[in-house]
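K.L.:
Chains as they are written, first to last, in this note's numbering: chain W, 1 to 301; chain P, 302 to 822; chain G, 823 to 1138; chain C, 1139 to 1465; chain E, 1466 to 1806.
Watch out, some of these pointers could steer you wrong.
Said to hold, decoys possible - Computed list of lysine to any residue pairs in SDA-like fashion (alpha-carbon distance at most 25 Å, straight line):
no., chain 1, residue 1, chain 2, residue 2
1, P, K674, E, L1548
2, P, K821, E, F1533
3, E, K1698, G, P1111
4, P, K543, W, S75
5, G, K1084, C, Q1388
6, G, K935, W, A203
7, P, K622, P, K810
8, P, K815, E, R1800
9, G, K900, W, W131
10, E, K1698, G, Y966
11, E, K1559, E, F1579
12, G, K928, W, A203
13, G, K896, W, N129
14, E, K1717, E, V1595
15, C, K1199, E, I1639
16, E, K1559, P, V760
17, W, K250, P, P640
18, G, K928, W, S75
19, W, K250, W, F52
20, P, K745, P, W721
21, G, K896, W, K32
22, G, K928, G, Y966
23, E, K1717, C, R1195
24, E, K1698, W, S297
25, P, K810, E, S1690
26, W, K205, G, G972
27, E, K1717, C, M1274
28, E, K1697, E, L1666
29, W, K32, E, V1530
30, E, K1698, C, Q1388
I should point out that these hints are in silico values taken from the structure, not numbers from a laboratory.
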Amino acid sequence: MNGVLEETLTTIDDKRDDHRTRAGRWWYQFSKNPLSVVGLAIVIFVVCSAIFAPWIAPYPEHAGPYVNYGEANQSPSTNHLFGTDVFGRDILSRVFFAFRSALLMGIVVLAIVVPIGVTLGLIAGYFKNTWIDTVVMRITDIFLSVPPLILALAITSVLEPNLTNAMIAVSVMWWPWYTRLVYGMATSIRNEYFVQSAELLGASKFHILFREILPNCLSTILTKMTLDMGWVILIGASLSFVGLGEQPPKPSLGTMVSDGARYLPEYWWMAVFPGLAIMLIVLGFNLLGDGIGDLFSMEES
Amino acid sequence: DSQKIVRFTEAWPTYIDPAVAADFSSSVSVVNLYDTLVFPTYEGEVVPHLAESWEISEDALNYIFHLRKGVKFHDGTELTAQDVVFSINRLLTIGQGYSYIFEPVIDKVEALDDYTVSFTLQEPFGPFLYALVRLYILNEDLVLSRIEDTGEYGDLGDYGKRWLLTHDAGSGPYMVEEMRVEEYLHANQFPDYWKEVDPDAPLEFRFIGTTETATVRTLIRRRELEISDFRQPAEFYQNVAKEEGVKIAKMFGGSTLYCMMHTQKPPTDDIHFRKALAYAVDYDAIANQIFPGARQSKGPVSSILPGHKSDIFQYKRDLDKALGELKQSKYYDQLDEYPIDLIWCAEVPDEEKVALLLQANAAEIGIKVNVVKTPWMKIIEEVATPDSTSHLYLIFVSPHYAEAGSMIQSKYHSSSCGTWEQTEWLEDAELDRMIEQAIATVNKEERFAQYYAIQDYIVDLCPSLFLIDQPENYAYQDYYIDWVAAERAEQGERVNPVMGYNHYMLDVKVYPEKRDELLKK
Amino acid sequence: MEELLKVEQLKKHFVTSRGIVQAVSEATFSITAGETLGLVGESGSGKSTVAYMVMGLYQPTDGNIRFKDKNIGKYHQKRPLELKKELQIVFQDPGSSLNPRRSVGKILELPLKIHRIDSQFNLRKRILDLLDMVGLPKEYETKYPSSLGGGEKQMVAIARALSTDPSLIVLDEPTSALDVSIQAKIINTLIRIQKERNLGYLFITHDLSLMRNIAHRVAIMYLGRIVEQALTKDFFETPLHPYTQMLLASIPVVSEEEEKIKPERITSVGEIPSPVNIPPGCVFHPRCPKKMDICSQEEPTMVEYKPGHFVRCYLY
Amino acid sequence: MKEVLLDIKDLQVHFRVYGGFLKVLNGTNMRVYSGEKVGLVGETGCGKTTTMKAVMRILPKPHGITPEGKIIFKNKNVLSLKTQEIERLRRNEISMIFQDPTAALNPVFTIGEQLLDVFRYSKKNDGLKGKTLKQMAVDSLRAVALPDPERILASYPIQLSGGMRQRVCIALALANQKQLLIADEPGTSLDVTIQDQILRLIHRLAEERNMAVILISHSLGVIREWTERVYVMYAGSMVEEATTPKLFSQPLHPYTQALMECVPRLTGMKTNEGIPGRIPDYFFPPTGCRFHPRCPKKMAICQEEKPPFYQIDDNHQVACYLYKGES
Amino acid sequence: MNFSRYLIRRLGYSIFVLIGLSILVFMIARLVPGDPARAALGPRASEEAVEQLRSRLHLDQPIYVQYFYWLKSLFQGDLGESLFTRRPVIEDIKEFLPATLELAIFAGILMAFFGILFGVISARYSNTWVDNLIRVFAYLGIATPAFVVAIILLLIFGMYFEVFPTIGRLSAWIDAPPKITGLLTIDSLLTGNFAAFFDALKHLLLPAISLSLGGLFQEARITRSSMIENSKKDYTYSMRAYGVPERVVISKYLFKPSIIPTISILGLDFASLMGNAFLVELLFNWPGLSRYGINVMLRKDVEAIVAVIMVLGVVFTVVNIIVDIIVAYLDPRIRLVEKGE
Ligand SMILES: Nc1ncnc2c1ncn2[C@@H]1O[C@H](COP(=O)(O)OP(=O)(O)OP(=O)(O)O)[C@@H](O)[C@H]1O
Ligand SMILES: Nc1ncnc2c1ncn2[C@@H]1O[C@H](COP(=O)(O)OP(=O)(O)OP(=O)(O)O)[C@@H](O)[C@H]1O
Ligand SMILES: [Mg+2]
Ligand SMILES: [Mg+2]
């Protein structure tokens, strides 16, 4: 895979001939759509607040096993912008820290899922109408035959409920989407003449899969990855909503929502703010992903 | 449809088969559907019920009960001694639910005639009459007619278990109208009940299977719920009490919160380590801030139970002492190598608060505690073997019958190891002997004296942190229902110490007009 | 002259869910070094299928393909690397023959690397030479296909085909997607390179006027069969097969002289039938203005009307 | 004097794209007399289809705009007609055969549904109903020499061959008695023999109905064989106009000449180097004469100002400064 | 005819997928650490009893043999017994499935109907304020997890305004209609019990909206973009060019091809809807299969988990078949062209 990376980098590098203008044009086109810029801003905000949580959270110690019943159940105020929970912990601080596990979930899952899914999709697509295609794609179909959330719930529940297992379960459910996506592209790209000429020149399978076909899928994959960051985080939040994700006292957005939901309607802030935080992340990645997707499709046309 | 309905919430699963029922929500249902030979009073005594009178033999091994005549089951047939025999046999055969109370003591049960039944015990069992409140009488003919052939009880098939999951075969004041698993149990008053019933008593009750706070909250606000469950967080009660006509009843029903410590697993196998923890805990914070209205437990037995030793030693928060104990522990130098897990039950959110507090308290003396949230079913599973059992468990325990012996036995006798009632794995032969002896003592005073000794012994052993006696907090519609248990609690009187009996529906009165009044506002 | 490629009784049937597609039923021809064989036919007549079999993208159902006297009628993956070096192809669609994610330099480098044509140090020089050969300036090395026009792309594809120094190039309608103004340049380049390197071309097209300008010999395909084959000159002077005549008559031309070459107006009727349901007898008879009874009964065989001029028709 | 049917005057069409406009049509002029067959020839992407879409007022909204110019059809400016008027115009006066017959047929409706709708709305005022309409549809398919019309009516486009689709498109376009038919490269995507049939068919139908035809093609041969008068288009404007024989015997514009040179001849043995370069980028089109970057005979003035049409004789005009003096 | 061949192939394929799913689920069930026989009998059971049960459950056999026994009992409708309800799982499913189906179907209808409606409006008035408004809502709607929507709806309409019930399927004081289909709305209509019908509808509304919102806006977006894309296609211009009125062009020639992509992703959206039902049923105390599913999952009630997933797999497969049939019906390109051409 190293080769692919190198290839991609050099691809970018080769395009340096008009690097400045190109980057400028990208930004120009990207910023044409204000929603994409909003998305980018949200994502940057979320990522930064996750990275710098210990410094920007007003009460970093509240993200851990901290209790202070004297301060419990405070409504939003200048001291506690999002109020406090039943333990007297500052919800804003906990949200910042919860971004960490949310992003971690997204990154780890995609890091597992994308290489596997993409490779399988490439192989199945390239060997279309052979037994390899049949085996890979039928397995993919089986995984896709049940809503991913449900199987992920089932898998996490039979394992120990914790963040690692949640990531494993979501990964198990997620790779088929990449396989199917890449499969679709690979089956059409492999019929392109440039792939056939590479074959006729005697290029290796590896070269054809990863250097001829894959680079043409990258923009779509990248777009999907951006969107999926949001979706994986959402699935992770759903798992922790029923208690199958990150375990307390570590903050996680889903758990905060489900715990907070007990105290509706009086202590609405306990559920509503973490809920909005999930929405914010998903929204951010969605907007950004759409922006990137538009950008790529515009580049291609 | 009558408006004379009482609705209350509780956690599912609920088993209304008396041979299976044992937990709170099941007990609450069963007490209303079935009758027992004797009936527990609010004062902790038992009075005649189906049995009008009884005789006890000299050696305390034989009990003869004379049954009331003319008692009808819900299908109209008469309740006879044979049904009593059937019920105890079925309970013992199935071996679930409350059978553990009777299993070690009953030798044989016979119907002497239609209205006389004789119980022969294997050995003297002091609290036998108190235990009998857990023997619910089923309609033998009805059950036998509902048996499904495929089951594990040979000729008896499934012994009617499947049918009894959603139906009753009792003679109690209420009969099942509809039971929807995981949703609700709806029961109507039995019109031919043998006892006189107050006209204001509810004509129906509906047990709603949820403890979802938001739902319960809404239902109360809309007057669609008369009595809440007691599993809600403190915040719920504070808020709901602001509703007009809603009151909170605090009932000390014998429920006690323990932090059980595994006495066979390092480092909690070390008594000094355990005592260090016992001195580190901030009991006041738990009793005042997390469970407002609770009180720190006095020893291993709930202070409401007859037989409780009221002047027993109490651990108090004292960090110096805690450190002192810790220094005596053999693990003092290697605390880092022994992180301990503290399990709390996912279904009881307030336990998390306790868990976090204990974690913080332990940290103050340098003990690292991992807090783990675990669903109830999983707790039951993992405490089955000493190896899979974790160090600490936060668990509420209630007595099965109204006497200190119930709690001592079910909590600390080695036979309860492997169940959720004892995750301490305290397999102490001396203690077992003391408990067996006390239980077998028929004379009440003598028995209680032995109970006191046992309580001291346990406190000294410090197998558990005796955290709080928890009041069961119920939000209820004070404006339009009269609820005996709640009123007694308000007056500071005892409530029924036998689990479930505070929900005896005949002790509730409903005034639908008043409800309408509230709704109009 | 040295015979490069010899194709005998080539046949290719595809099994599909619609039935058996008889894409190519009979193709026999040969190409010598430095010669261009033009393969002409309507869409769906099986021209590309023949080309793909030559290249090894399809395995022939039946028949022989010999290259420099070696049987090569097998799938390309089983062909030795040296053979791949000898045989190259330029595809119809310039848009898809170059990988949009690879620069022209990289594209041209690939064959050089695979076939170890030159040492690492000379690679770049080779690439520039290739660009020069097809008349592209050397800056193109760093460009990406998206910034090239259709003609330029096709030039790069030709350069790539030339890079391994092959002896035979299959050209599958290399200009049909391009404008005439661009086509002219490509054709010229191809002719020039052929002369320089004594290359053999299998040139596929449906444009007879173009054929006239590039091919030494012409073969006409109809529904999977070669129905007429001749030297270009003979072919245009005396088109024999009724189909050939119909084809010639249909060509729109731009000058009076050309008009004169066209056979007296044979109006075209009907469409080429589906290769799944091949008509019995002569496959052209449903459209043939000169059909006889026998035509619908038995398929005619190829006859040599005069030396080097073959035709598959009962008229001769 | 023939009656002027369509007069396109200085038409400009721009497409809004990210970051600006594609200035595709650059002052196009064209005139069509009734009953006449006019050819429009030019390379791919030079704006032929765009011009005709502007005439039909079916430029993509909101991207395609016509900032300048007039399209006069029978003394009315098409560009300023109201929706109903333009619909009436499309129903009764002008029709168009689309370039790609596959793309022009809705893939999810049967041929019958589409054909019947066209009849239904164009004949609405005549109060015709079901049966008659069906009969008309059948007849219209017969008119374009399609065998077994009943079956075709019930078919979906994918069930037909390319040639059949092209004929269906013609039937659709000629559903009503029209005065002007715009045929956008009919049959180009098909084989020569089929193309020949299609062109013959259009020719015949036009003769029968006395329709004016604008035949668009990038093949000079097609234009020569089927039209009377020709416009040569390059990069958004007309560069030369003449009667067909005249243009082919004496092409004047350097572009036309070069184009003519490039066409391979059946007579063979004449090859040339083609026209260097390619069609300009409409985002930054060249100033002045848009052909100048490719022109072998360009002069200084060519870069500065767009050349006007110079009338060489009665039926020949050319937009090139080379002929400035000759008009 | 071609269509029936398409159908047969589609069904055969579904059966294959379901068998594959059963293997997958079986493997997940075997992931559970520990001995199922021991777990079923509890710690106090004797070793012989455990051994006996083990051989009764074929646990002493190789895994593939176990699988076939399991599959066999699955076909006989024996899904094992739930540790949680202590009933045969099949009974539980019969009891809980209709509630989930009713909710999912209702939400699915909301999703498809309003999704397409909003999409069409948005495309029709593209780049106006209506369109922008819908698009902003779409982004928010898609990004908000169903359980957050549910909480917000609960808070506003259930608790603050108290206009909708927040628990269960029917109010306690309303007599449930007799069980015919198990779907309360339909049963009450069939029996003419309108009070029950409206009450059931009221109960359905909030959970159904929470479930449908994400998919709804997804559908709206797809409809919008495919309408805009199709409006650039020659075939819409051609119909205009032949004088078909704008209204007809849009409502017929543009609409039909444009909703094909919308409908084909309905299956996917329905999947995420079913997934979200697991959380939303919990919040609304909806006595459905999904809430049951969560409960058995939290309790590691393996037999029940497996059964729930299989049942949902079947439901989902059926939905996909229906979607595919509708799409094939609408789109002759799928119906008439054989695969692999
Ligand atoms: N892989 C394949 N599977 C099935 N049928 C095929 C395949 N390849 C080609 N065919 C069929 O074989 C016939 C001949 O195809 P081929 O591509 O060789 O024609 P062609 O003469 O090159 O046409 P064109 O001028 O359109 O390129 C066609 O009917 C085509 O549908
Ligand atoms: N909707 C559109 N948006 C942007 N650009 C367009 C649009 N339609 C056409 N163009 C551009 O306008 C130019 C002229 O296109 P047009 O289709 O009129 O050419 P043409 O002469 O018909 O070519 P062809 O021979 O390929 O049909 C092209 O460069 C094309 O990219
Ligand atoms: Mg071809
Ligand atoms: Mg065009």
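K.L.:
Evaluate each hint against the coordinates.
P.N.:
We went through each hint and held it up to the structure:
no. : hint                : in the structure
1   : P/K674 <-> E/L1548  : 21 Å, holds
2   : P/K821 <-> E/F1533  : 62 Å, violated
3   : E/K1698 <-> G/P1111 : 40 Å, violated
4   : P/K543 <-> W/S75    : 17 Å, holds
5   : G/K1084 <-> C/Q1388 : 23 Å, holds
6   : G/K935 <-> W/A203   : 9 Å, holds
7   : P/K622 <-> P/K810   : 52 Å, violated
8   : P/K815 <-> E/R1800  : 66 Å, violated
9   : G/K900 <-> W/W131   : 19 Å, holds
10  : E/K1698 <-> G/Y966  : 29 Å, violated
11  : E/K1559 <-> E/F1579 : 31 Å, violated
12  : G/K928 <-> W/A203   : 13 Å, holds
13  : G/K896 <-> W/N129   : 19 Å, holds
14  : E/K1717 <-> E/V1595 : 22 Å, holds
15  : C/K1199 <-> E/I1639 : 56 Å, violated
16  : E/K1559 <-> P/V760  : 51 Å, violated
17  : W/K250 <-> P/P640   : 17 Å, holds
18  : G/K928 <-> W/S75    : 63 Å, violated
19  : W/K250 <-> W/F52    : 17 Å, holds
20  : P/K745 <-> P/W721   : 29 Å, violated
21  : G/K896 <-> W/K32    : 54 Å, violated
22  : G/K928 <-> G/Y966   : 10 Å, holds
23  : E/K1717 <-> C/R1195 : 20 Å, holds
24  : E/K1698 <-> W/S297  : 18 Å, holds
25  : P/K810 <-> E/S1690  : 63 Å, violated
26  : W/K205 <-> G/G972   : 28 Å, violated
27  : E/K1717 <-> C/M1274 : 22 Å, holds
28  : E/K1697 <-> E/L1666 : 41 Å, violated
29  : W/K32 <-> E/V1530   : 62 Å, violated
30  : E/K1698 <-> C/Q1388 : 40 Å, violated
Checked against the numbered hints above, the structure violates hints 2, 3, 7, 8, 10, 11, 15, 16, 18, 20, 21, 25, 26, 28, 29 and 30; every other hint is satisfied.
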